[in-house]
Amino acid sequence: MTAPFATAAEIAAAVGGGATSARAVAEAALARIAAINPSINAYTDVTADRALAEADAVDAALAGGAAPGPLAGVPYAVKNLFDIDGLTTRAGSKINRADPPARGDAVLIQRLRGAGAVLLGGLNMGEYAYDFTGENAHDGACRNPHDVARMTGGSSSGSGAATAAGLAPISLGSDTNGSLRVPSALCGVFSLKPTYGRLPRSGSFPFVDSLDHLGPLARCTHDVALAYDAMQGFDDGDGACARRAPEPGMPHLRRGVAGLRIAVADGWFMQSAAPEANAAVAAAADALSARTDVGAISLPHAQMGRAAAYIITNAESAAFHLARLRANASEFDPGTRDRFLAGALLPAPWLARAQRVRRWWLARMLESFADIDLILAPATPASAPLIGADTLDIGGRAVPLRPNLGLLAQPFSCVGLPVATVPVFAPGALPLGVQLIAPPWREDLCLRAAQYLEDAGIAKAHPPTAR
Amino acid sequence: MMPDLDAHIDAASALVGLEIAPEHRPGVRAFLGIAADMAALLDTVPLDEAEQQHANVYLPPEMDR
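If you're matching them up, the sequences are chains E and V in order.
Take the first sequence: its letters are residues 1 to 467, numbered as in the working numbering.
Take the second sequence: its letters are residues 1 to 65, numbered as in the working numbering.
Honestly, the hints are just simulated from the structure, not real lab data.
It should be emphasised that the depicted structure is a prediction, and the values quoted were computed from it without experimental measurement.
Using N, Cα and C, we set each Cβ at its ideal position, and we do this for glycine too.
Misleading hints may appear alongside valid ones.
Quick look at which bits of chain E chain V covers, simulated, 3 or more residues with Cβ under 8 Å [unchecked claim]:
no.: 1; segment: 308–314
no.: 2; segment: 320–331
no.: 3; segment: 342–350
no.: 4; segment: 422–428
Which chain E residues face chain V? A few, computed with CB under 7 Å, are given here [what the hints assert, rightly or not]:
no.: 5; residue: E27
no.: 6; residue: S210
no.: 7; residue: M304
no.: 8; residue: R339
Incomplete in silico selection of chain E near chain V, CB under 8 Å [stated by the list, open to error]:
no.: 9; residue: F5
no.: 10; residue: P300
no.: 11; residue: Q303
no.: 12; residue: R337
no.: 13; residue: D338
One chain only, chain E, in its complex shape:
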């Protein structure tokens, strides 16, 4: 079970059942990283010694009669804003490299380790997570495994690329405005952005405390749910973490979609997406309509939610980085610097109103969910742009790419809704993703629909073909 595209569930079963060892799995994963990573630049740190030590610990525990964890011997990697004991948490930046090494692991890493998983390393990301492209002036662009001339999407660029390329069956990323959903869509893998406050962010470098979420990426729904379930639970190191008992997703995976009230977001969402992105949503809707009613919903205020997210992000992140901007503006990535600088100059009433509109937009979304269980929308306006592109066509108009590649994701993270993103594309084609959006705390609905679409053959993380 050392095949590059083996699922986490398959690996855990093989290791737990004695068909292979965690060490053999880790060695194969490290060899594959050495062979493939130079072409996609997904890993910034490979923790080989640690991976082998963790794998040996899993094997020793199993040999001693311990029950295998749900992720026994499963390799994974994390966006480099997660604290990894002994490594400096660079968060995609040059400036943070002067910081001392982390003195402990992020809480989510501790929990995955507790489930038997084996950490392979840290992953490339857009600087300070203010990025939808996957480009990084300090570490180099992360490249899309489906076409290395194209963007991975960001800011969890390495997470999308590593998981798509078979370099980590599970990866962790963060999502403030779409940073899990954009790379998962453009790289053709599954992801789950849980409800805001579900997973603790303790031990991760922040971007926008009001909007930051953490979550898993994987190549199938089952693996996403395995990782998600292993990471749930309150932690008091994160002031926004909800005091909720874990609500496992795994028991819901095969409940199907019969009886769910589902709607496709039309209007602004369709007008802002290219025909191929709308076609991916239509394919998912068509498959779901075989089991339940699928209607349409216009969400006319989504742009307001997006605008609120933009202002909150711009102002709050700039305030967080103000000392670094004052002292070291020239050391920032040119792709993020001018946005951070502008954010430090916003009038305060803009931010206060954005927070009020955020609450108002949540009320509008909750009204929609009175009649609907799940909403479908494109994850990105189009498939992966070429690396270096700086404009994007939205509804026939060329707009700046960096702030707009995630515009269809922003309205939902603005109000903390859970969203699964599923890959819908033909083998050999450029990937696209469909967002499955549920009411707060109903990740189970996202996962049920994702599993259904996977079982129906609509959603699948096709391995990259040589390009």
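Got chain E sorted already, so can you dock chain V onto it with the hints?
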């Protein structure tokens, strides 16, 4: 009327103590313009004057005594 973004950059950066280098100004101006467009959109939202709830209301923690 389009606001004078350069005048705002000069005044606000001085107040915040954040120098904007000449080579960074065109980008800062462009992103400030995008933020202004977003703020203008937020101004069109029909918020009730009586509704002052902010999304980021601070709640003190429960205390065990």
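Hint by hint, here is what the structure shows:
no. : hint    : result
1   : 308–314 : holds (count 4)
2   : 320–331 : holds (count 5)
3   : 342–350 : holds (count 7)
4   : 422–428 : violated (count 0)
5   : E27     : violated, 46 Å
6   : S210    : holds, 5 Å
7   : M304    : holds, 5 Å
8   : R339    : holds, 5 Å
9   : F5      : violated, 40 Å
10  : P300    : violated, 11 Å
11  : Q303    : holds, 6 Å
12  : R337    : holds, 7 Å
13  : D338    : holds, 3 Å
Violated hints for the displayed structure, listed by number in ascending order: 4, 5, 9 and 10.
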